Amino acid sequence: MEVNFIGPLGKVTGSCTWMRDLEKGWNFLIDCGMQQGENTADAWNHQEWPFDPSEIQFIVLTHAHMDHSGLIPSLYESGFNGKVYCTEETASIAEIQYRNAMHLSPELFTQASIDKIKWSHFQKEPILGGHHPVDQDLFLQFQRTGHILGAVSVSIYWGKPMSPEQRSIVFSGDIGPQPQDNEVLPIIRHTMNPGHHNYAVMESTYGSTNRSPSDKEPVIRRDHLKSLIDRTINTQGTLLIPAFALGRSQDVLFDLHAIAAENPKYHEQVDFYYDFPLGREIMDETIRFWAKTESNREKTRLLWLGKQVFDLLGLTKNDPDHLQQAVSAMNATSLYKDDCNWKALQEGNQIAKNWKPIISKRLPTKEVLASSNRPTVIVTGSGNGDAGKAAAWLPLLLPKNSTIVATTGYFGSNTVSGKLISIKDLPTPDRRMSNNNIEWPNSKKNIAVAEIRAHIQEIKGYSAHGDQEDLLNWAVCNAKEGYLPAGDTIFLQHGDDQNREALRDALRSKSAELGIELDIQTPNEKTGWISLESEENNQEDEDYKNLMALLKKRPDLKQHVGN
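Sequence positions in the sequence shown follow my numbering and run 17 to 579.
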């Protein structure tokens with residue numbers, strides 16, 4: 017077996033890894049994603065592939081984000097005719113995103129190309145953690161990553177099962193901030209340990225970032241959001257929350273419902289809206305998946321819904337009745353309060369018993385909102401403010417002193433949200449002195465910074481990507497058998513070079529501290545094919561070999577590694 021890292025190397029978007037075994041006749045891809053926001057995006061997204069698409073047998077897809085899945089339809093148009101192995105949830109979300117992208121990138125997405133996709137989901141339980149055959153002596157295994165609904169890491173095993181000849185490699189996909197019992201995001205279940213493999217391929221998006229404890233504390237995040245609602249009530253203004261369609265906006269809606277349930281009478285004076293057609297379509301299609309369970313080792317567990325939901329509601333995750341109550345609470349976040357016959361939860365704490373749908377169906381017109389004296393909260397897209405409904409609301413609301421715009425995640429400095437964040441601490445007199453404009457791409461809309469009176473806020477704690485600590489804990493997990501590396505050799509991708517190098521150094525420090533030998537590699541475009549069969553082909557750099565040899569002789573130096 018060989019591996020070739022097509023992308024992303026030194027970049028965050030455009031995941032695609034090519035694997036083959038010439039002797040066995042295997043030829044397949046792990047992910048096939050678009051580049052987004054990179055200066056090479058146009059060339060990548062319209063490139064000629066280094067392989068013949070008609071010879072690729074199948075694709076394994078880690079999750080639905082477009083930087084991992086976005087080029088699959090065009091690959092079918094180029095001659096690929098195989099299956100796409102992924103979770104049912106990933107396929108469902110990807111289909112919605114492809115249809116939405118048809119009018120944005122018609123050269124990459126057509127109904128004909130979307131219809132050609134041969135989604136394949138494993139039915140035999142356990143879906144997560146089980147070994148699923150795709151050919152003779154070739155198996156796939158999925159493990160939840162705590163990133164978004166449906167997201168998994170993918171292990172590939174080849175060779176005779178349970179024999180010394182069997183080898184393995186795991187692809188992390190995107191790793192979430194969800195360590196077991198310390199989950200940051202409000203809904204998705206914890207990240208699963210990948211287990212031990214010969215090789216691991218892992219992302220490094222935030223490889224140089226260690227978030228503060230407060231940024232990882234759900235109570236602090238929710239309290240910040242609550243304080244913004246309180247200010248909106250006091251000013252009878254509008255809180256606008258641009259968010260991404262997949263995952264982020266559902267997390268924000270969940271927190272809004274939790275806040276409203278803490279003091280329902282107080283929050284009845286607030287009008288809540290979800291103005292996000294794509295987000296609404298994804299939520300309506302996927303809400304059913306939160307109830308999904310599977311049985312393994314004489315236990316039945318929820319696949320995706322995390323215990324933090326049960327904890328918030330005062331429910332027990334092992335009680336069948338409580339499970340149904342938690343699922344009902346999730347369903348409430350997708351319902352309009354105007355046209356549903358809500359039945360209050362009977363179990364749990366007071367938050368659970370107060371829980372109910374809060375989203376109003378009928379959005380206000382600009383004229384109504386301008387004359388309204390009711391506090392209003394609007395969750396909308398896109399998260400970077402450049403397009404979608406956010407591009408309609410922002411020009412209307414930014415000139416008002418009673419407006420709060422609260423961002424919820426990462427976006428480029430050149431996006432509308434990025435430019436707003438750059439002036440968030442600028443006092444009004446200094447804004448008035450500015451001669452800069454904020455312009456919306458592909459639009460004639462713009463607003464002078466001098467006209468902006470809105471308060472700009474950042475709500476931290478909604479990122480679906482883990483930080484360096486989360487990445488290290490995935491790469492070297494604390495298991496019953498002791499500390500186990502995800503792979504004896506670890507390849508770092510899906511991150512710029514600064515983050516890859518920082519994560520490489522951190523992994524070396526941790527492995528030295530634990531006395532574990534790891535070969536950490538940062539492949540580049542010139543690396544080409546890497547054999548996964550012979551230990552002699554592992555390309556450990558000489559500096560690291562020498563370091564490990566020195567530490568064996570001088571263990572007292574371990575404390576200085578990485579300094």
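Hints were generated in silico from the structure; no laboratory data involved.
Predicted, not measured: the structure shown is a model, and the values here were computed from it.
The reader is advised that the hints may include incorrect statements.
To be verified - Straight-line distance between alpha carbons at most 27 Å, and here's what the computed DSS-like set of lysine-lysine pairs gives:
id	residue 1	residue 2
1	416	460
2	369	333
3	333	359
4	333	440
5	242	140
6	281	377
7	99	140
8	176	40
9	461	382
10	242	496
11	140	323
12	359	377
13	372	353
14	242	40
15	496	461
As the list claims (entries may be wrong) - Label pairs and their calculated CB-CB ranges:
id	residue 1	residue 2	range
16	316	444	56 to 66 Å
17	387	429	19 to 29 Å
18	183	461	47 to 57 Å
All C-beta atoms, glycine included, are put in the ideal place defined by N, C-alpha and C.
Each hint tested on the structure:
1. 416 with 460: Since the Cα atoms of residue 416 and residue 460 sit roughly 21 Å apart, the hinted pair holds (cutoff 27 Å).
2. 369 with 333: holds, 17 Å
3. 333 with 359: At roughly 21 Å apart (the allowed maximum being 27 Å), residue 359 and residue 333 satisfy the hint.
4. 333 with 440: violated, 41 Å
5. 242 with 140: Violated - the C-alpha atoms of residue 140 and residue 242 are around 43 Å apart, more than 27 Å.
6. 281 with 377: holds, 20 Å
7. 99 with 140: holds, 17 Å
8. 176 with 40: Holds, at about 13 Å.
9. 461 with 382: holds, 16 Å
10. 242 with 496: It is violated: about 40 Å lies between the C-alpha atoms, which goes past 27 Å.
11. 140 with 323: holds, 24 Å
12. 359 with 377: holds, 19 Å
13. 372 with 353: holds, 8 Å
14. 242 with 40: violated, 58 Å
15. 496 with 461: Given pair residue 496, residue 461 is violated - Cα atoms ~58 Å apart, limit 27 Å.
16. 316 with 444: 56 to 66 Å: Cβ of residue 316 to Cβ of residue 444: about 57 Å, so the range 56 to 66 Å holds.
17. 387 with 429: 19 to 29 Å: violated, 36 Å
18. 183 with 461: 47 to 57 Å: With a Cβ separation near 55 Å, residue 183 and residue 461 satisfy 47 to 57 Å, so the hint holds.
The structure does not agree with the numbered hints 4, 5, 10, 14, 15 and 17 stated previously, though it agrees with the rest.
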